[in-house]
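J.: Once you've looked at the hints, dock chains B, C and D against the given chain A.
Chains as they are written, first to last, in the numbering used here: chain A, 1 to 716; chain B, 717 to 819; chain C, 820 to 1229; chain D, 1230 to 1399.
Don't read these hints as lab results, they were simulated from the structure.
Note that this is a predicted model, so its numbers are computed, not measured.
Please note: incorrect hints may appear among the correct ones.
Stated by the list, open to error - Under the rule of at most 35 Å between Cα atoms (straight-line distance), these lysine-lysine pairs were calculated in the DSBU-like manner:
(1) K426(A) / K1212(C)
(2) K1256(D) / K743(B)
(3) K1107(C) / K1174(C)
(4) K979(C) / K1256(D)
(5) K27(A) / K1156(C)
(6) K743(B) / K919(C)
(7) K25(A) / K1212(C)
(8) K1256(D) / K909(C)
(9) K1107(C) / K60(A)
(10) K807(B) / K626(A)
(11) K979(C) / K115(A)
(12) K807(B) / K909(C)
(13) K818(B) / K685(A)
(14) K1107(C) / K945(C)
(15) K500(A) / K1212(C)
(16) K500(A) / K193(A)
(17) K818(B) / K677(A)
(18) K115(A) / K1216(C)
(19) K1209(C) / K27(A)
(20) K426(A) / K1156(C)
(21) K919(C) / K909(C)
(22) K919(C) / K27(A)
(23) K78(A) / K1107(C)
(24) K1256(D) / K807(B)
(25) K743(B) / K685(A)
(26) K818(B) / K1256(D)
(27) K1216(C) / K25(A)
(28) K1156(C) / K1209(C)
(29) K25(A) / K1209(C)
(30) K743(B) / K979(C)
(31) K115(A) / K1209(C)
(32) K979(C) / K807(B)
(33) K919(C) / K1256(D)
(34) K1156(C) / K115(A)
(35) K27(A) / K1212(C)
(36) K27(A) / K909(C)
(37) K25(A) / K979(C)
To be verified - Sample of chain B residues lacking proximity to chain D, with all beta carbon distances greater than 12 Å (derived):
(38) L816
(39) M817
(40) K818
Glycine included, C-beta positions come from ideal geometry on N, C-alpha and C.
One-letter residues, chain by chain:
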Amino acid sequence: MTTLIWLLPLPPLLAFFVILLFTNKRKALSHGIAVGAAGLSWLGSMIIFIRALGVEEFGKHVFGSSINWLPTGSTWLKVGVQIDPLSAAVVFFVAWTVLAIFVYSIGYHNFGQPKGDHDVAGLPPHGTTITEHGHKHTVPSIEPMYSRFFAFISLFAFGMYTLVVSDNLLTLFVGWEIMGLCSYLLIGFWFGKPSARDAAVKAFMTTRIGDVFMLLGIAFVYSFTGSLSFSEIFKPEMLQALASTPAFFGLSAAGIIGLLLFIGTVGKSAQWPLHVWLPDAMEGPTPVSAMIHAATMVSAGVYMVIRMFPLISAGWTEGMPLNTTMSVIAFIGAFTALFAATIAVAQNDIKRVLAYSTISQLGFMIAALGIGAYVAAAFHLVTHAFFKALLFLGSGSVIHGMEHWVLHTDDHVDPQDMFNMGGLRKKMPITFWTFLIGGFALSGFPVLTAGFWSKDEIFAEAFGNGHLVVFVVLAMAAFLTAFYTMRQITLTFFGEPRTKAAEHASETPWTMTVPLIVLAIFAVGYGWVGIPEHFPGLGGLIPNWFHEFVGGTLAELPKAVEFSWVPLITSLCVALGGLFFGWLVYHKVKSPKQDFLQIPVLKNKWYFDEIYNFVFVKPASWIAEKFTSLYMDQTVIDGLLHSVARFSLFLGHVFRNYFDKPIINEFLGDGTGNLVKASGSGLRKIQAGRIQYYMVVSMVVLVLFAVMYYFLIGGM
Amino acid sequence: MSIPLSWYLILAAALFSIGLFGVLSRKNAIAILLGVELMLNAVNINLVAFWRYLDPVNMAGQVFAVIVFAVAAAEVAVGLALIISVYRRRKTVVADEIDLMKW
Amino acid sequence: MMFLNDPINFIAGWMRDLLTGWGLSNGLTTVIIYFIGITVLIVFAMVLDILLVWVERKVVARFQDRIGPNRIGPFGLIQPFADIIKLIIKEDITPAGADKLLFNLGPVLAIASVIILWAILPLSSKIFGVDLNVAVLYLVAAGALGTLSIIVGGWASNNKYALLGAFRMVANMISYEIPMVVVLLIPTILADSMSVQKITQAQSGIWFAILSPLALIIFLISAIAELGRSPFDLNEAESEIVAGFHIEYSGMKFGLFYAGELLHAFTFGGFMAVLFFGGYGGFFGLEKIGFFSWLNNPFVQAVVFLAKAMFGYWVIMWIKYSMPRIRIDHMLAFNWKFLTPLALVVLVNTAVLSKVLAGLPNWGYVLGMFFSNIVIGFITVEILRAYGRKQRKAEAKLSPQSAQNQEQAA
Amino acid sequence: MTADQIIFLLCAALIIVSALMVVTTRKLIHAALWLVAALFGVAILYVILQAGFLAVVQVVVYIGAIAILFIFAVMLTRREMLDKGAQTRSNWWLPALLGLLILAGLIFLIIGQPAFGRTAAAMPEGVDTLRNLGTALVSPDAFVLPFEVASILLLAALVGAVYVASGNKE
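Chain A on its own, in the form it takes in the complex (with noise of 0.2 Å):
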């Protein structure tokens, strides 16, 4: 079982090193290497998962196993594998993602069709003309880097995997640090676009941000208890102890690991201030990069804060007053909640829209967070995942639906801008529902999608614990959420055609729906597995059986909140009025200029990026030029280098004329040379070149020692 987990992450692994080395000419058997690899981790997944089912309490006994790694004086620093109710969880969805996620591309990168007649590397692919039934059009080529797209995203599943099994905080930052390095590689994945290059430094430096701070956090928890297996630091007595030593600024130390830990989930799962990374990050491959930044990559983040909440709330009971890290946690994610949702209602690019809105469903997790609705959090992070997983894969299927016409002829309407679509719900059927269901479930649509359950049990702890000012942001982000939901919705899919493209758009390979209609069904299904007892009429008719799960996760399980009206009509009243108005505003709106929301401050996203342009960057890229390069670089570093070189070059002149020339060509080399021939031609004469003389003759003498041996030695 053990050993099992330990290969969980492998299999993506070897995929992306045989790939890069040895099968990057070969598009069908890269991908199926791929595939494969991640079919065999999710095999893994889900023997794992089921194996979790079975175990009673399976909090208290997890699975999980540890090798000792580097000595540290007289202690060892252990690295190890463990899956426990909440990883397990995510396991789940990260198999089922990753898996979904590796088939949808190989149709998205249009595998099969011929090459592009002026693709180049680092540019998406152009399509190529071809002539059937002898009129010439265009149709979508393949993407001329399909094997390198197929290693990356299997490193990035690697390093998903291995922050997921990894049961310290060690590993856990290797694999978050790969995936960092993976979300680089696949937004720069078309490196030929200026905006992807940037999007991809963006993306890298912000997170790093946020990583800095995590890795001081984790220097702090090991300084702290000497360990960093999770195991170790949540033992009851460590947090106590960790709770009551004061730290700096008036806080515990385990306030400040906290804080700090907190800030690297800012980064990676793009809470604000550090927020500005994601959108720009649809740059990548669409949607695939985009799916993982959102539904895997990101879930890492609040994967990481949940992971660590016994910490967080060290010295908290439920109940008590919020301290401070919490608060604090529980503002940012209710502000980002808000202020993603108001950004993401006047976004037209199809995918921004969708990152906008993951940035503020993570910020929906991270204030569950915050308020010690642990359960929750975790509920919304598993349906999340996969209901973002879908609509991502459904707009990627839309765009994918749209460059069909804008391929076939040369007018270059902007196959994301959903102003340019509509009435697809007759051209792309499938894609249709299972984006409607998506939708249905990110705005939290009652008692059937997953979403309304997450979400209302997010409500609940609020309302139920008495945060009520974290209750009310939820709920308006709750109600933007639906309305551009359905926004989105009624603009790409109902209404009327509104360009050429939208109107020969035509449906995707099954490679693409296939895995739509996977996620779909979790999207609907996930939900029911944690439907609170006390719910009118459903309740109880299936056990809460999440909440029982990864509740156990904690050294007691925490009490579900009683039930109460008011969150429940809450959730009813903006899921579904925001739907309304948002179908009801958007239902006749033609062209951007009807759209009242078209505001410049939300358009610009309320200016963030130039903000940050003029606070950090600019001053950086000057240092960078007047002082780095002109001074340092050219004047003292080249210096050192240039005498460096010169003598050396010196030292070569002696060796060759005093050393090299004299004693070892004509001594040693010619001397030996001479000795080797005469005694060659001397031994020549042995050799009769006939097998069986030489064995007899080696047989001879074999005999001859055998009786020497025993004569002489054995026999006395």
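T.: Just chains B, C and D now, kept in the frame of chain A:
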């Protein structure tokens, strides 16, 4: 099992010597390989006999016999392939006539 | 009623008493009894063989819309005996320049390689030669002897057609041995033993044919190839190499080859029954019910077994008489590029699933196994279809003429 | 002189005789078949030694594969059917002498060791040698490594043989 161990060993020794004779005396390269096979089988007889007589619970003897099988198979495959390709080029399989390596 | 429940031991005990009563030493008695047993087994097999000749001729007649032997005896039952007499009294020719010793050795080995298979064939829980713990491998070993017989016979006849036939047959047998061995491991895994008795008992609940239908199919194909019957009968492709390896054989020597082939086919039918159809048992637990306990009687079991074996034999005949012969390169390509990989996939699948599903209740286990096979089969078919489509495309590119034909066909 | 001793001596005689025929007979194809006979005798020995698995594998590998290979090689490397002329080298007495020497020395040594006079203990009860062998071959604390190495060796031999024997190079 009233057979003394020494019987097996003597039989193996005889088989080995016969094989050796074949290897050293036959002209035809294939016949030489036949001799090698006999020698390998002599070894195997010893292995299995010792396994049975000394420690039948520990399977080391049989395992090594199995590995000898594998080695024999590989040796025959490559050896015969070599002989055939030599025959293709030089039209002979007599070991003594294949002496390009002589001085 | 000792006899009805355990006939072999009954007779053996009776004989032992008899012979020791005559004052023979115990060891000698054992030897004699063993020899008698072996003889009886062989005689049974050969008589069955004679009947098989009749069955073969009847069935092929039906397939070809004829009546078949019907003159001599009821339903022409005496016909095969007449055939044998004819074969025996025919002149026995040994071609000039043939290697006499080997020329005579060939047919003997051919029939022997089949007869030794009967040593492990479990006619019933009580009636069987020996219960080897490596029976499944023994099956392969016997096949090796068969190969030897054919190459010896073909070579010794000093005839180029015979040698060609022998070469083809050997290539055929050796390559199809591999999927055969691989697929033989699947019942071994499922029954956790190589002994045919244990394998049979393991199927008292559910047939392995249901747990792993793909394995059954692969086994059937490679068995036919081992037999060298159509569509793999390249060793005696009349149209190309006059009669293959037994071209020079006449009279009873040929008869031995012929009988060996028939008996071999029937024996493989029997092994198919043992490995996949529950052998003499496999009544899906029916025999546990008191009313059906007579199913456990060894004679009933023997009848059931023979019936199942006859069914397998009939399937082999069915294929033989309805399939055209395929080309040698196709045959080898089919084995190496398709059958062997598929067999390996099925093997791995069975191994993994039998561990993964071990925890599940019985029906879950069975369903899991079955559907995994179905899925693999489906994927295989899809792959084949895609491959075929690609080939047709390539051909279409090659010649527009054939492309048009394709379109007309489609 | 018990039954199994008789059987042993019979099959020992079979082995020795056919081995001698292998190294002396003129017709190479007969030599190969005599080899088959000798190997079959060895398989019987394995049965006597209660190593049934090895016996079967001996038949499969040696008779089923190796002997067939030999026969093929013999057939592929000749023009006329039967070999004529001497098949042994001119100075065959030297190898004969060597062989006899070694045989004598070995027998001398074996006789010299009284420990070799022992007879086998009965097989301990309930030992499934086949299962033991299987586990020993694949269990990491036993022989899995040699086993895998052997498999790699076989693969390499396969590839090498195909490459060497395939005529249509260069």
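J.: Against the structure shown, which of the earlier numbered hints fail to hold, in ascending order?
T.: 9, 10, 11, 12, 20, 22, 23, 36 and 37
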